[in-house]
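Can you make the complete structure from the sequences, with help from the hints?
There are 2 protein chains.
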Amino acid sequence: MESLHQHPFVPEPAIRRLPWYLACVQRLRAQGVEYVSSTAISNQLNVDASQIAKDLSYLNIKGKTRIGYEVAELESGLNDFLGFHQCHYAVMMGVGSLGRALMADSGLSRYGLDIVAGFDVNPDVVGTEIGGIPVYDISELKERRAALGAEIAIIAVPVEKVAEVADMCVDAGIKALWNFTPFHIKTSPEITIQNTSIYAHLAVMYNRMEQR
Amino acid sequence: MESLHQHPFVPEPAIRRLPWYLACVQRLRAQGVEYVSSTAISNQLNVDASQIAKDLSYLNIKGKTRIGYEVAELESGLNDFLGFHQCHYAVMMGVGSLGRALMADSGLSRYGLDIVAGFDVNPDVVGTEIGGIPVYDISELKERRAALGAEIAIIAVPVEKVAEVADMCVDAGIKALWNFTPFHIKTSPEITIQNTSIYAHLAVMYNRMEQR
Numbered sequence: 032m033e034s035l036h037q038h039p040f041v042p043e044p045a046i047r048r049l050p051w052y053l054a055c056v057q058r059l060r061a062q063g064v065e066y067v068s069s070t071a072i073s074n075q076l077n078v079d080a081s082q083i084a085k086d087l088s089y090l091n092i093k094g095k096t097r098i099g100y101e102v103a104e105l106e107s108g109l110n111d112f113l114g115f116h117q118c119h120y121a122v123m124m125g126v127g128s129l130g131r132a133l134m135a136d137s138g139l140s141r142y143g144l145d146i147v148a149g150f151d152v153n154p155d156v157v158g159t160e161i162g163g164i165p166v167y168d169i170s171e172l173k174e175r176r177a178a179l180g181a182e183i184a185i186i187a188v189p190v191e192k193v194a195e196v197a198d199m200c201v202d203a204g205i206k207a208l209w210n211f212t213p214f215h216i217k218t219s220p221e222i223t224i225q226n227t228s229i230y231a232h233l234a235v236m237y238n239r240m241e242q243r
Numbered sequence: 032m033e034s035l036h037q038h039p040f041v042p043e044p045a046i047r048r049l050p051w052y053l054a055c056v057q058r059l060r061a062q063g064v065e066y067v068s069s070t071a072i073s074n075q076l077n078v079d080a081s082q083i084a085k086d087l088s089y090l091n092i093k094g095k096t097r098i099g100y101e102v103a104e105l106e107s108g109l110n111d112f113l114g115f116h117q118c119h120y121a122v123m124m125g126v127g128s129l130g131r132a133l134m135a136d137s138g139l140s141r142y143g144l145d146i147v148a149g150f151d152v153n154p155d156v157v158g159t160e161i162g163g164i165p166v167y168d169i170s171e172l173k174e175r176r177a178a179l180g181a182e183i184a185i186i187a188v189p190v191e192k193v194a195e196v197a198d199m200c201v202d203a204g205i206k207a208l209w210n211f212t213p214f215h216i217k218t219s220p221e222i223t224i225q226n227t228s229i230y231a232h233l234a235v236m237y238n239r240m241e242q243r
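Protein chains in written order, with our numbering: chain A, 32 to 243; chain B, 32 to 243.
Rather than coming from a laboratory, the hints here were simulated on the basis of the structure.
Note that the coordinates shown come from a computational prediction; the quantities given were computed from them, not determined experimentally.
A few of these clues could be false.
Identical chains share a label here; the pair holds if one copy fits it or two copies do between them.
Unchecked claim - Pairs of lysine to aspartate or glutamate, DMTMM-like flavour, derived with a Cα cap of 25 Å: (1) K217 x D79; (2) K217 x E43; (3) K192 x D79.
The structure is reproduced here in structure tokens:
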């Protein structure tokens, strides 16, 4: 992945908070607000003002005394840092219920993710298009990957196939796996793995509801 | 929410690992394996065998010396504890791209979540059905919530509407909010909030890719 400048190192908990700040300033800009203090952001979120100031200082964004942050500048600084304004190409591995749903979610493109192809083994879906995105046989991944420009693979195959599909992706030149399955992928350390186990989140939510 | 027995307290990091073990034992059962050791599970996942044994002991599941865990028993114990075999009714707040995708994802019902209605303000979708699930005007939430039996609201509305919609849900008697937006919801402490900010995960993944 090319970038115009090297990003500063930011700890993961801070990175996870940055989209909250972005959501907050997008809302303020829509309301016509020009400047915002970390205290005002703090009042809208559940985060200390000093933590907000520290998180933003990683991005070299600093507020002005008594004025605060310029909303438009803060919004574009956050979008730039978070990579939501860049285009990242991805392939969808597994075009079942969840895979199909993610391909149809145009919201992802607003956050810089462009799904350019789906791959599956099911002859009923191979050769079709979902939301204008073609679905190919999974055996074609390696020959098509580079031409598609995809460095990210979204994994939404059945649990028993995840290990094999992850290996195929790495072999085809994929650099990052966005894993939506509950299976814990083991691969080489140079591959980025992001687990978004929505079913694990469900389990945590059910458990908390029972504890109350 | 009623349950036949009080669940033991399990720390959240352990709860998050349990679905990995479940995915692993489901795969083993499909392969006809009857017994598995924590060492064998450890070899498939990136988790220490001693951690696995500790996590499972919270559920009062103990392996037998030299034999290990009975696969079928482990699978049903995990499913029971995780609540994936119970039926939890939910409403979808916001039937845009992501909301529509989640309503169409039949995979959620396999994990105990049954979306029984959608709510939106858009006259083009109100009155329609998505995957057989009716969509109502958001103003009808309070009068319909109890009859629907829904205690969970999935939030997928635009960022600037999240705070207002969360308040409406709580006012209508919702007990848990599953928040898919990047907005950080503040509400009363007796409401369970589960954030699944898939866009924040994207940001973390982009950032890690750049750092390599």
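Hints and how they fare:
In this assembly of identical chains, K217 and D79 lie within 25 Å of each other by CA distance solely across copies; the values are 13 Å between and 36 Å within a copy. Taking the shortest Cα distances, K217 and E43 sit within 25 Å of each other both inside one copy (20 Å) and across copies (22 Å). With identical chains, the CA atoms of K192 and D79 are at most 25 Å apart between copies only, with a shortest distance of 23 Å across copies and 43 Å within one.
Checked against the numbered hints given earlier, the structure satisfies every one of them.
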